[in-house]
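Using the sequences plus the hints, can you model the full thing?
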Amino acid sequence: MQTKKILNAGEDAVDEMLDGILLAHGDVLRASDGSHRAIISRDGPRDGKVGLVIGGGSGHEPTFVGFVGKGLADAAAIGNVFASPPPDPALACVQEVNGGAGVLFMYGNYAGDVMNFDMAAEMAAMEDIEVRTVLTTDDVASAPPDRKDTRRGVAGNFFIFKAAGAAADEMMTLDEVERVARHANARTYTMGVALSPCSLPQTRRWNFGLGPDEMEIGMGIHGEPGIERGPLKPADAIVDEMMDRIFDEMQAARGDRVAVLVNGLGATPLMELYIMNRRVQARLQEAGIESHATWVGNYCTSLEMAGASVTAMHLDDELTRLIDRPCHCAMFRVV
Amino acid sequence: MQTKKILNAGEDAVDEMLDGILLAHGDVLRASDGSHRAIISRDGPRDGKVGLVIGGGSGHEPTFVGFVGKGLADAAAIGNVFASPPPDPALACVQEVNGGAGVLFMYGNYAGDVMNFDMAAEMAAMEDIEVRTVLTTDDVASAPPDRKDTRRGVAGNFFIFKAAGAAADEMMTLDEVERVARHANARTYTMGVALSPCSLPQTRRWNFGLGPDEMEIGMGIHGEPGIERGPLKPADAIVDEMMDRIFDEMQAARGDRVAVLVNGLGATPLMELYIMNRRVQARLQEAGIESHATWVGNYCTSLEMAGASVTAMHLDDELTRLIDRPCHCAMFRVV
Amino acid sequence: MAVTSADLIRAFGAIADRMTAERDALCALDGEIGDGDHGIGMALGFGAVREALDGLDGGASPTDVLNTAARSFLSSVGASTGPLYATALMRAAAAVKGKDGLEDADAAAIVAAMAEGIAHRGKAEIGQKTMLDAWGPAAEAAKSATGSFAQVLAAAAEAAHRGAEGTAGMQASMGRAARLGERSLGHRDPGAVSAAMIVGVLAETLG
Amino acid sequence: MAVTSADLIRAFGAIADRMTAERDALCALDGEIGDGDHGIGMALGFGAVREALDGLDGGASPTDVLNTAARSFLSSVGASTGPLYATALMRAAAAVKGKDGLEDADAAAIVAAMAEGIAHRGKAEIGQKTMLDAWGPAAEAAKSATGSFAQVLAAAAEAAHRGAEGTAGMQASMGRAARLGERSLGHRDPGAVSAAMIVGVLAETLG
Ligand SMILES: Nc1ncnc2c1ncn2[C@@H]1O[C@H](COP(=O)(O)OP(=O)(O)O)[C@@H](O)[C@H]1O
Ligand SMILES: Nc1ncnc2c1ncn2[C@@H]1O[C@H](COP(=O)(O)OP(=O)(O)O)[C@@H](O)[C@H]1O
Ligand SMILES: [Mg+2]
Ligand SMILES: [Mg+2]
Ligand SMILES: [Mg+2]
Ligand SMILES: [Mg+2]
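Residue numbers (our numbering), protein chains in the order written: chain A, 1 to 335; chain B, 336 to 670; chain C, 671 to 877; chain D, 878 to 1084.
Don't read these hints as lab results, they were simulated from the structure. No false leads were mixed into what you were given.
Below, in silico cross-link-like pairs of lysine-lysine (DSSO-like), each with a Cα-Cα straight-line distance of 30 Å or less: (1) A:K233 x A:K148; (2) C:K793 x B:K483; (3) A:K70 x B:K405; (4) A:K148 x D:K1000; (5) B:K483 x B:K568; (6) C:K793 x C:K813; (7) C:K813 x C:K767; (8) C:K769 x C:K813; (9) D:K1020 x D:K974.
As structure tokens, then:
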């Protein structure tokens, strides 16, 4: 039995999606001549500005392609569903956005992405373009604190890319943009929970099983198993578990500020995300932490997976300024 | 077996959601003192401006509450899930947004909403506030053309509210705003398809059944049965069926312009919506119709239903100007 | 005096219990030809009525009871049933205005007022497959029945039940189901089914 | 000459067929401890390899064949397997550089080059529950085997198979599954299973 999807041939899903995206957002985005899987911002890349290239597998929309635009990423390299893009589109992105000040690669910490983007960076070096890399590792569920750098990058990408994109838009140097990106990554914490599986367009089979009253805490955004499987709990209990873990990691003091993202994985209604946000904000208030800005919605999805994640970015003055800076992307705007 | 949701008590879902919304978007929205189910725009209502009040049942988020803000609706009256709000919150909205130039009620054409908003309008009349009503009836699947005025209002709400909200923001008179709203409604056409059911937070049971390879064409956004049930088709075939019907109704000439909304019902990934958009735009190009602006995403949902709708608004110069006018809502922005 | 305010309050409590018990069954009926929430609104509304009536002081008249019920039902429910039952209950309240308690003759007056209120607010007619297809026959039966308050209500309940069952054979031309055309055939109208339950509970508890 | 370029091209075609046949089974394995897409990448990649090799002209050397395979696999797949197999195939191409056809001794050279390429690109070691736990034993077995091209590959295939089966008893410390800790025990590594299939097909088709 195939899962239900609105698709033509499953193999064509990513390219057809990109066609649909360019037809909807041609004012903001274009495909590179060098690779139709390299999506470039029409406005943003410019002489003397550090180019910010993000990317990864498809199936997480609006991540990554939706965050390409003035003030955020200059380009995204797009892979197959849940698969890193090969080096070619990443290299095409570099060539398109290189403004002579160097290029920064930012993407989630997955073995496949690392190998492919590293190959692209080596190829760029042969063309005398300096490319640096900052991996995102915000998923606190994916490894203990002493192996923080092995963690996965998930919904917190959104904040981390946003901070780096704003820094580049402010015309910071490559050194500075890299510093900001590492700093933003170090201060961003995400915990997720999955309620139901997703299915790949090519196979149309559920890619994992979950009992009818189970949830998986710490599930990855490709359906990778998480920390533990347990009975589905009430919203407040789920959020409490997430916030306890995030507070543990963040070590924020009373009076500190955070930016919050309550993110849906694809099939969870806004109603449920806002119910979660109510508790997130209550927990922050209780801890004396100020919520500087809050986003609620589907920002980093796993196709039609049901579930949600909570991200907190521990702000300082610089990060606050960068998060607040306007940006204009196809699927996200700050004004 | 209960459906899986991230909830506390099902009965509290709507109020907890509103709490979460106000905590996230307190810069744009506030609750009325008169009714916590009356959500008011902080910026927008003003002396001499026609007040635009929208509303209806919950479970369609970001419709309605997400479209409250400067340049769009001044307030929304919020009902229980899939249930019209009672007269009280609608009356509270009227009192809050009345700027002396009259108030327009706009909502989807459902018996329950009509009865409740009509009662509120009668109560407002007793306070000498003039309230007019324009019902949205964009769902072409819900009745034949000769009974167009009995049709349901669905995702096309978004364009119709947008046009009327911009008209009010331009300080048009109540007569003119009403005219614009009726005109916008008459030129807006939606066709939807459902792939899977949704479940109410209070019962947590699927509210209808669909076979594992079936889809329902013309399904209502509360799960009301549609025109026909048939086997799930490829994306292009689904879109063709929708566009044929829309073209039939719209009677646009070559060179005409439309605004397009490809809307997800809740559990359908952006990937699938953009694949649909690809075909929508191909069909428009083929017909020589210009796509002036395109929105793709979850704008009018049915909780966690899987499925999608396509809306076309047949633009003229006035509607184009109004659709393009900036607005600043909690869950939607035009800049 | 056949029926006191306290009796009415008890009857509303029994209706609330019944609607809570039947909530999911009514939702399932509504799922077939509507949006699947009828039981939720009915249980919520009569639950709110019970709570509001708990707060009434001892001297409340039957009219006070019915008006309080109308207001609390409306403001907790909205939906289609809110205005319909609120209007029905307000009409019933008006029909017994000025009385300290109800006589046998008031049974028919109340049921008829409910039916009229629903018809007025919903602009519905008999045969359109709505709750009026239970309340309408109930009112007719009550008007032609003779005997005690309880006997009149028993006749009304019997007619409401038959009316609700009969909606399965009707094609809807009012409410959400009207857009279904022939696909509405074979399914009972959820509002008519809950209406028959309400009249049934009134017959069991009053008299 | 034991093996010609045409033989190699035929072997890649057979690998493509096998990966397509096993696509869903490999995805299911990956679903248990990874992200459920391993079969998709393998089928897609070797399908692209077959197509690219179809376009090669008659005079292509084994090195041309292997380099073409590397490039087409990489640019169609990405993922983890793209760089791993592309590097492996490029190393194999280098190992037989300058030859018009392959001798018996090249069998071990190719398998060993593949294993080294994977280890280099993936920074992986034996025992970490990756495809190297099939390719590594295959290389060892090939190096110590004697006999024809086919016999060497048969020994490699046998070792790859045993290696893949053995991954079920390993706790992953590389790739996606590494974050699972003990929960990865009891499941075979999908990349090792597909690697064993590849070596198996090579043994069946070459020689
Ligand atoms: N215009 C009307 N007149 C009388 N009864 C109506 C009318 N519209 C709907 N109803 C009744 O309301 C019932 C549906 O109630 P409910 O499900 O609670 O509301 P909604 O349709 O708003 O979800 C229908 O079964 C029908 O009996
Ligand atoms: N660093 C590595 N070294 C060797 N093999 C690896 C490495 N990382 C992953 N693999 C192999 O890749 C396989 C997964 O491939 P695939 O599912 O196609 O890619 P992805 O993990 O990107 O979804 C694993 O089963 C493992 O055998
Ligand atoms: Mg993958
Ligand atoms: Mg309803
Ligand atoms: Mg209903
Ligand atoms: Mg995988």
